[in-house]
Every structure is written in structure tokens, then in C-alpha cells.
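**Q** Using this note's numbering, the letters of the sequence shown map in sequence onto residues 83 to 195.
Just so you know, these hints were derived from the structure itself, not from any lab.
One or more hints might be untrue.
FRET-style restraints, in silico, Cβ to Cβ [claimed, not checked]:
1. Asp119 with Trp173: 37 to 45 Å
2. Ser95 with Arg175: 37 to 45 Å
3. Ser151 with Ser114: 23 to 31 Å
4. Leu100 with Trp146: 39 to 47 Å
5. Tyr89 with Ser161: 43 to 51 Å
6. Ile178 with Asp125: 21 to 29 Å
7. Gln107 with Asn164: 48 to 56 Å
8. Thr159 with Ser95: 28 to 36 Å
9. Ala181 with Lys98: 49 to 57 Å
10. Asp192 with Ile102: 20 to 28 Å
For glycine and all other residues, C-beta sits at the position ideal for the given N, C-alpha and C.
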Amino acid sequence: PFVSVQYEKPHFSQKKILLIIGLIQAVLALPSSLYPDLIGTLDLIFGSGMQVLGSMLCILGLTWGLRKSEVIEGMFTTSNSNTFKRWTYFWIRWVIPIALVAVLLGYIYDSVA
83 PFVSVQYEKP
93 HFSQKKILLI
103 IGLIQAVLAL
113 PSSLYPDLIG
123 TLDLIFGSGM
133 QVLGSMLCIL
143 GLTWGLRKSE
153 VIEGMFTTSN
163 SNTFKRWTYF
173 WIRWVIPIAL
183 VAVLLGYIYD
193 SVA
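All chains should be built: construct the whole structure from the sequences, respecting the hints.
**A** Following this line, the structure appears as C-alpha cells:
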């Protein structure tokens, strides 16, 4: 952030930029320093839950947002058998999202229960 602020706001001195960044970091660190259990909770939410959700959204965007021919062309550079390509596409389009939904639901259930 320091370098980008220097270019975007050249009228700010280096001392002022560092002071502002330091204050922002202190404000962001304050809740977890006052309540250490918050770090564990946030780690579970953003480290586990969001990773699975992001993976699921990427797979859905790839297989449901693009044509099948585009996905297969992007995945395979050699001329493998068409059966292998079809099964791989089926696996990515249906099995992986279902598995990711199951993992996400299990994560949510464990977090709530």
C-alpha cells in the first residue's frame, strides 16, 4: 500500500503515509488482540469455509459458464480419447461440485453444532 499511496497521493509525506497505514493496521488488529479466540473463529471461516466456497464457484463458473468444447479444449492439449475427455468433463461438472457442497455443508454443520 505504501508505494501505491505514494504515486496516487504525491502530496502526502512518507511519514504521514506510514502513520496512516500503521493506524489502520492497529485498528484492524485490535479486536483479535482483545479477544484471542476471534483469531481461531476467523481462521475457520476464511481459511476453511471460504476456500471451499471459492473452489466451488470456480468449478461452477468453468463448467456451467463456458461451452463444453471450450472447457475440453482448454484442459486437453493432446488428442486423448474422447471417452476420457467426456468422463473428465462429467467428473468436473457434476462430481466435484457435489463433493464440495458436501464438504461445505459438513463444515457449516460442524461450526453450528
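**Q** State for each hint whether it applies.
**A** Checked hints:
1. Evaluation of the 37 to 45 Å hint for aspartate 119 and tryptophan 173 yields a pass: the beta carbon distance comes to about 40 Å.
2. Serine 95 and arginine 175 have their C-beta atoms about 55 Å apart, which leaves the hinted 37 to 45 Å range violated.
3. Checked against the given bound of 23 to 31 Å, the beta carbons of serine 151 and serine 114, roughly 48 Å apart, lie outside it.
4. The hinted range of 39 to 47 Å is satisfied by leucine 100 and tryptophan 146, whose Cβ atoms lie roughly 46 Å apart.
5. As the Cβ distance of tyrosine 89 to serine 161 is approximately 49 Å, the hint placing it in 43 to 51 Å holds.
6. Against the hinted window of 21 to 29 Å, the Cβ-Cβ separation of isoleucine 178 and aspartate 125 comes to about 25 Å, which satisfies the hint.
7. Between glutamine 107 and asparagine 164 the C-beta distance comes to about 54 Å, which sits within the given range of 48 to 56 Å.
8. Checked against the hint of 28 to 36 Å, the pair threonine 159 and serine 95 fails, with Cβ atoms roughly 53 Å apart.
9. Distance hint for alanine 181 and lysine 98: a CB-CB separation of about 50 Å, consistent with the stated range 49 to 57 Å.
10. A hinted range of 20 to 28 Å is violated for the C-beta pair aspartate 192 and isoleucine 102, which are about 40 Å apart.
Violation of the numbered hints given earlier is confined to hints 2, 3, 8, 10; the remaining hints are satisfied by the structure.
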